[in-house]
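Colleague: The lines below spell out each chain.
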Amino acid sequence: MSKETGALAQIQRQIQWNRLIAVVEEQAQTMIRTAFSTTVREAGDLSAGIFDLEGRMLAQAVTGTPGHVNSMAESVGHFLKKFPAHVMKPGDHYITNDPWLATGHLHDLTVVTPAFRNGRIVGLFANTAHIIDIGGLGMGPEGRSVFEEGLYIPIVKCFDRNVPNETFFDFIRAGSRTPVELEGDIYSLCACNDAGAKRLVEMMDEFAMDSLDELGGYIFDASTRATLAEIAKLPRDTYRAEIKSDGYEAPVTLKAAMTIHDDRIVVNFAGTSGLSNRGINVPPAYCRAYACFGIKCVVAPEVPNNWASLLPFQMEIPEGCILNAPHPYPVSVRHVVGQLLPDLMMGCLHQAVPERVNAEGSSALWNPPLRGGSQVSGQAAETEDFEIITFNSGGTGARPTKDGLDGTAFPSGVRTMPVEATENVAPVIFWQKQLRPDSAGAGRTRGGFGQVMEIGAKGDAEFAVNAIFDRVANPPKGRDGGGEGAAGWVGLNDPNGTVLRTKGFQIVPKGKHLLLKLPGGGGMGDPKERDPDLVKRDVEDGLVSLEAARAVYGFKSG
Amino acid sequence: MTSDTANARLAVDIGGTFTDLAIEKGDQRWTAKVLTTPHAPEQGVLEGVRQVLAKAAMAPGDLALLIHGTTLATNAIIERKGAKTALLTTEGFRDVLALANEARYDQYDLNIDLPQPLVRRRWRLPVPERLDNTGKVLLPLDEDAVRAHVAFLREEGIESLAIGFLHGFVNPAHEQRAAAIVREMWPELPVSLSSEVSPEMREWERFSTTVANAYVQPLMASYLGRLEVGLRAAGLACPLFLMLSGGGLTTIETASRFPIRLVESGPAGGAIFSAFVAKQRGFDKVLSFDMGGTTAKVCLIDDFRPQASRTFEVARVGRFKKGSGLPLRIPVIEMVEIGAGGGSIAQVDSMGRIQVGPESAGADPGPACYGRGGTHPAVTDANLALGRYQPELFAGGSLPLKPELSRAALAEHVGGKLGLSADMAGLGVVEMVDENMANAARVHAIESGKGYDGRIVIAFGGGGPVHGYRVCEKVGVKRMLVPSGAGVGSAIGFLRAPVAYEVVKSLYQRFGSFDLKAVNGLLASMSAEATKVVSEGAFGQPVEETRIAYMRYVGQGHEISVPLPPRALTEADVAEIRALYDSEYTRFYDRPVPGSDVEILSFAVTVRTVEAHVEPAAPVADGAPPKPIRHQMVRDTATGEVTEWPVYDREHMSPGAHVAGPAIVAEAETSTLIGPGWTCRMDGLGYLDLTQEAA
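So the protein lines, in turn, are chains H and G.
Quick note on numbering: full-length UniProt numbering labels position 279 of the first sequence as 279, and the sequence is numbered without any gaps.
Quick note on numbering: full-length UniProt numbering labels position 692 of the second sequence as 692, and the sequence is numbered without any gaps.
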């Protein structure tokens, strides 16, 4: 190969990598456009990617949420174990919601589709989406085993050479409270993989590629090199941190010892609390996903996600701890613990690179699953049956040079739904949804503010919440002298301020509203060093009370 | 307006740096370019009008029409120079603008900034009141609270007010009553209502749009008033129209009430220009590709109409990042804009990949080859290193380029890091920017629910004709047209725009329980509203009406637009519309979803003056082959081979003339590259028609 031909080949491989990322982005956009569940189409709780025939992820859509990202990356290998590439046929689509083979709870469907070119299988497309209902107890922590949490779909074909597996769809329709949405979403997931496969074949035609192996090798090499170069910049040592979650029956402690090696970062979770009897347990793939995300967005945020770029981040999760839940432990709301992992990782990394790490935030989403009608009130029901969930967030942690973000999802990548849209799909009324003053952890840079939400049923009818909230007994911590964010609060809007449990199924009685106060993010640095103009602005905007400004920030005027 | 080409018509497009003007009369055209005067833009306009009239040897009174587009509203939002604005909103929801969608637009960047609301919290004031999703009153409007707020806002020196209540688009009574109270107490305060500015579901988008309208309204109303006075004083007696972001024209009065509808009028002009060119050639599926100095814009044009949309983001804080701007829900021409232009800077990322843009060298210092101190390689440098430009003839010879500076910059910042020569680095940069533009075009088509197969590209702007053929190859398009007059394309587009107005309203319907009477009532009232606005400017020209329903399967989140007949609907129509939806859906997504009911979210009614019939250009016989004016050694980006490409002067080509690629057709403002395997034929209109031969 002449020097110039070699140079051209090098440039073309870069172009092909870019194209592959565009292909999976088309795949994700097709899902968003065709999905039925609000969780996908409004909230963006999804992910999409392309894999080689060994089940290694080559590229992943930028659109998507971290919990799916890395756990979906592991799942394709499990599909291949059951259905090796050589038995797959054009028009086949395979599906599962196995929490241990896919993304950690039954509410996530993962579909894998082979892509064929000239009659030969060349790659696999996978995607994951969070659907609204899969039967069972519904989204919530109450199950005592995964069997109570909903319909369990082993890895099966949902389409066999383009023909729908009607037996499968019969089971699906019968097993869900929202059969139309569920079936529609499965069609959407298949359509989106088809779109990806079509584009992949066009790309391979254009570049006259017989297989993805050479491109894969280049992607993996470049990603490994870039990731290792970033790891090499970190001081070698072992860093320890811990964080507490409210838990269900007892508080949960998460412990990590992070060792930076020359060529990898290894996190050992020894000392972490044991398993819960309820659905807050975290399957190991989900633990790896969020722990890895927390490290990666500090250490190597620019390296695209693929098999090689995730490989140097290794997790040692002891058996019997809550981050390594075995089958059939309940795992429905694994996010409420799992989403604290980036804060835990940053607790370690803060000792290595303090200038690149945030204070702790609200972190775990505050998604109230709401149910009403006969499944709550029986024959006394005053509303139609409904089952909805909205995605909401408290404040994020302060950043070294910037305030935290108010009411914004982190580490999750989801969006919330408009109140007007939610009120159109279910008989509920949101009486308030606004920032929560004095909730941001104080600091030179402060945390983001949490928010207050007050929700009733139409006509103030009885309804139920399946609570999955955290950071009520354990508010987000500040760093470097910054203050704690305000703790969360769950209760009723009555004059006594009736408190509800942070986890579990509870009735909101007729005439009452559910009141949620979402945590604020932790602060960073000494509050007395904060720019007084910024304090003044928060006071004028009614976000920080004058008393707090004086006492905490040493605010003089006003 | 286009039906009346015998009279002289003037278009004025105020951009960030230049104000472009074009007069057309019959098939003659005169143009002028003057510097924009940001502190008082009407001054630049008046100066430009004087210059272009002089060029055309016309008196102000000779003009029959003036059409104006401006980026003033956009700039006021980007630079935060609008009015001190307040918002009255439903108690419990004062932070809708701050909470936005509670999301980060970049998952891995811990340091992102989110766009700050145009109204700070102190001036976002809660009013006790509440409607449900059907418009039923759950809590009556607290009128005393409104009065107390007005008193406070007066003390605070507020200059403009937005009112937006939850579900106010279903039942505007509370918003209207609150506005009446404000007007009683403070008649001169401008007030924008969400139920008028953007009467659609989704409170964040609706309030954001309403607040943005209020924010720019005093400024725009004042500017438009001064402009009109100035033009009248200068002797112009003709009607004055404003270009809307949706591609239609409107009167000063309507523009002053809803100035937010003017935001993207410049790019809209470019898209209309493309649509007109498409019509001249009878191309019904087009991808418009406009590449300039800092950005490239791609727009889909079906049946000679640029794709319409109702969502737009202004003032993105993460450069070109979706989700990082303030959402506006107004009629706009849908286009994707990416940071890829001649000035876009190339660098190498940590994976050893070439990255191009979105940072731009701008006009100053500009690309390295300008010799004005720029040291980072830009796309123009890469094109120069490939031999695509003749250095001493760039920009008509007004800006001689320095190839050695390009090579040095490419070698230092790209080649050296990858073990590539400067020339091969240049190839890598151009391939990457072409790939980025092609990917943006493809993803845009998917997001729009449209395909890109079988489209024809219309390329313009300084970079469009240079990069066009390779972008076509990457998208899989086999034909490309390069029109003439592309330098002032937006202004020319203004002259092709109809007087038009679009009204969008939400009215929830399911086919299982279709309320024919309610729908017909709504459509009739929307039609009357749009007709009234248009008739003010149509001067008796015939008008036409289009109606659209935005539909989806119950439970889905994204709608498909389905055309409705522009008359009262019958039961038979309803069944037909339902069937049409299934077939449209299947066209996009291969299989319909069994057993799902279909819902309608909203309706759009557009009334516009009938566009002049354009006779598709007659075919011309083959002309004499042109003679090359010179040859250049050019490196082909697909193969890396350097060969001699003949260069032809566009001015010397006659209709019917053929040129086989590889070749370059040069003109003052740009060059059209005809890649290997492509042929170019000049059509009867003087446009360059490029076709890729079957491989």
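Treat the hints as calculated values from the structure; they're not laboratory data.
Just so you know, even glycine gets a beta-carbon here, dropped at the ideal spot from N, CA and C.
There could be a bad hint or two in this list.
[What the hints assert, rightly or not] Short, incomplete list of chain H residues facing chain G, as computed with Cβ under 7 Å:
id: 1; residue: 8
id: 2; residue: 15
id: 3; residue: 407
id: 4; residue: 409
id: 5; residue: 420
id: 6; residue: 423
id: 7; residue: 432
id: 8; residue: 434
Colleague: Look at each hint and say if it fits the structure.
Modeller: Results of checking the hints against the structure:
At a threshold of 7 Å, the smallest CB-CB gap from residue 8 of chain H to chain G is about 4 Å, leaving the interface hint in force. Because the closest C-beta pair between residue 15 of chain H and chain G is about 5 Å apart, less than 7 Å, the hint holds. With a least beta-carbon distance of about 5 Å to chain G, the hint placing residue 407 of chain H at the interface is held under the 7 Å criterion. The interface hint given for residue 409 of chain H holds, since its Cβ lies 6 Å from the closest Cβ of chain G, which is under the 7 Å cut-off.
Hint status for residue 420 of chain H relative to chain G: holds, with the closest Cβ pair at about 5 Å, below 7 Å. For residue 423 of chain H, the interface hint holds, since its Cβ comes within 7 Å of a Cβ in chain G; the closest pair sits about 4 Å apart. For residue 432 of chain H, the interface hint holds, the least distance from its beta-carbon to any beta-carbon of chain G being 3 Å, beneath 7 Å. Against a cut-off of 7 Å between C-beta atoms, the interface hint on residue 434 of chain H holds, since the closest Cβ of chain G lies about 4 Å away.
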